[in-house]
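Make the full structure from the sequences, and use the hints.
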Amino acid sequence: MSNQFFGQYLLEKGLLNTQQLLTSIGLQKEANPPLGELAIREGFIDEIAASKINAEQQRTDMRFGELAVSMGLMTEEQVSLLFHTQKEIKKFFGEIVVEQGYLTESQLQQHLDAHGKLKKLSLDHIDSSIKEHIYCRQITDTLDAIIKNFMRIPKIHVQVAQVEQTKPALLNDSVIISQTTHLPESVKIGWVMQRPLMKQLATNFLGMDVSDQEELYIDATSEFLNIILGNALASQREGEKETRLEPPLLELPEEDIHRDYEQGFYLSMSAGQDNFSVFFMYN
Amino acid sequence: MTNPLQVLIVDDSLSMRVIAKSFVTKLGHEVVGDAADGKEAVRKYFELKPDVVMLDLVMPRFDGKKTLVKLRELDPEANVIICSSLGSEGDIEFCLTNGAKFYLQKPFEITGVENALAQITRPLESQT
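Protein sequences appear in the order of chains Y and P.
Numbering-wise (the working numbering), the first sequence opens with residue 23 and increments by one.
Numbering-wise (the working numbering), the second sequence opens with residue 36 and increments by one.
Please note that a few of the clues may not be correct.
Pairs of lysine-lysine, DSS-like flavour, derived with a Cα cap of 25 Å [what the hints assert, rightly or not]: (1) Y/Lys51 - Y/Lys112; (2) Y/Lys35 - P/Lys136; (3) P/Lys56 - Y/Lys35.
To be clear, the hints were calculated from the coordinates, so they are not data collected in a lab.
Have a look at this one:
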């Protein structure tokens with residue numbers, strides 16, 4: 023699963039212990055300073071200016087460098103010099119692990135291949151309205167995590183069909199589950215899924231037939247959504263921005279979807295013979 | 036197989052408690068109890084005195100990070116394995132520096148649970 027942090031993958035495989043993982047994370051942070059820290063180090067701005075930019079960044083979706091230029095605190099040349107420096111000193115997690123002698127080069131290559139086996143979702147297949155969306159990154163990471171986790175856990179092949187411009191009619195015998203992620207602003211993501219698909223998903227997920235245990239199959243489906251969003255968040259690595267997840271909310275009232283639909287959209291997806299929708303709302 | 040461990044499972048999701056219980060039992064350990072939130076987990080920890088707690092992070096009311104800190108504050112020897120769908124470097128670093136013995140990212144597999152539990156040694160075993 024390539025949206026899993028590589029260090030976590032190595033820990034679970036027993037190739038790193040927790041102390042080695044912590045050391046490597048620390049070294050990686052040192053080798054990959056945020057642009058603001060680098061700007062202070064180079065003497066382009068002071069700490070007060072950096073915190074002004076950081077504060078502004080919480081309110082917009084702009085990157086540190088763009089904001090610094092638009093606020094007149096740095097020149098474009100300075101920002102591009104910082105990008106260049108950042109690139110020069112950047113180290114990948116795998117390099118650090120080899121430098122520390124935790125893995126050999128060939129072990130690293132072997133595990134990078136295994137870890138990256140599933141490619142990231144290509145934006146080519148994504149509707150242009152998503153490409154331009156301010157939460158494009160969050161949305162595509164989530165779609166990516168949906169597809170991978172469907173394949174990995176319930177062994178169901180899923181395809182993104184299209185972005186629905188109008189709210190699709192609720193399918194008979196479907197259940198709605200939602201979950202909120204707190205990115206810079208809240209994004210609520212939910213399923214509208216038919217019961218037979220839910221039963222199949224839960225049965226494969228739990229490894230036992232739960233089609234007559236409603237509480238269990240609904241819970242398993244919501245936990246599955248929780249896993250998807252957790253995995254999607256993990257792939258975003260936006261260290262400076264606080265992200266958190268709220269526990270899934272079962273059976274979101276339908277009127278809530280109507281109310282929030284002005285600020286959201288649906289994606290139709292198909293899994294085998296079944297169709298289901300994923301809706302994204304934000305506020 | 037080393038000495039079986041007594042495990043407390045903490046997760047707000049019923050299905051994850053079912054999965055974790057089935058893995059722990061298959062590996063020859065014993066599930067002594069479960070809890071659906073952090074407050075209940077802390078209470079049950081002192082009531083059941085398990086060897087290890089498998090702890091979810093995203094939970095209502097008292098979440099897993101607060102529970103980890105609380106457990107380690109009340110019992111610095113507490114063995115905690117994090118089981119979470121979250122898996123950013125920041126989450127992992129927070130939990131490991133706050134004393135978690137292992138971090139499992141959901142969806143976990145039985146080999147992951149086996150590796151995690153292998154980190155825990157029963158106090159009795161280390162004395163013999």
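Taking the hints in turn, this is what the structure says about them:
{"no.": "1", "hint": "Y/Lys51 - Y/Lys112", "verdict": "10 Å, holds"}
{"no.": "2", "hint": "Y/Lys35 - P/Lys136", "verdict": "15 Å, holds"}
{"no.": "3", "hint": "P/Lys56 - Y/Lys35", "verdict": "21 Å, holds"}
In this structure, every one of the numbered hints holds.
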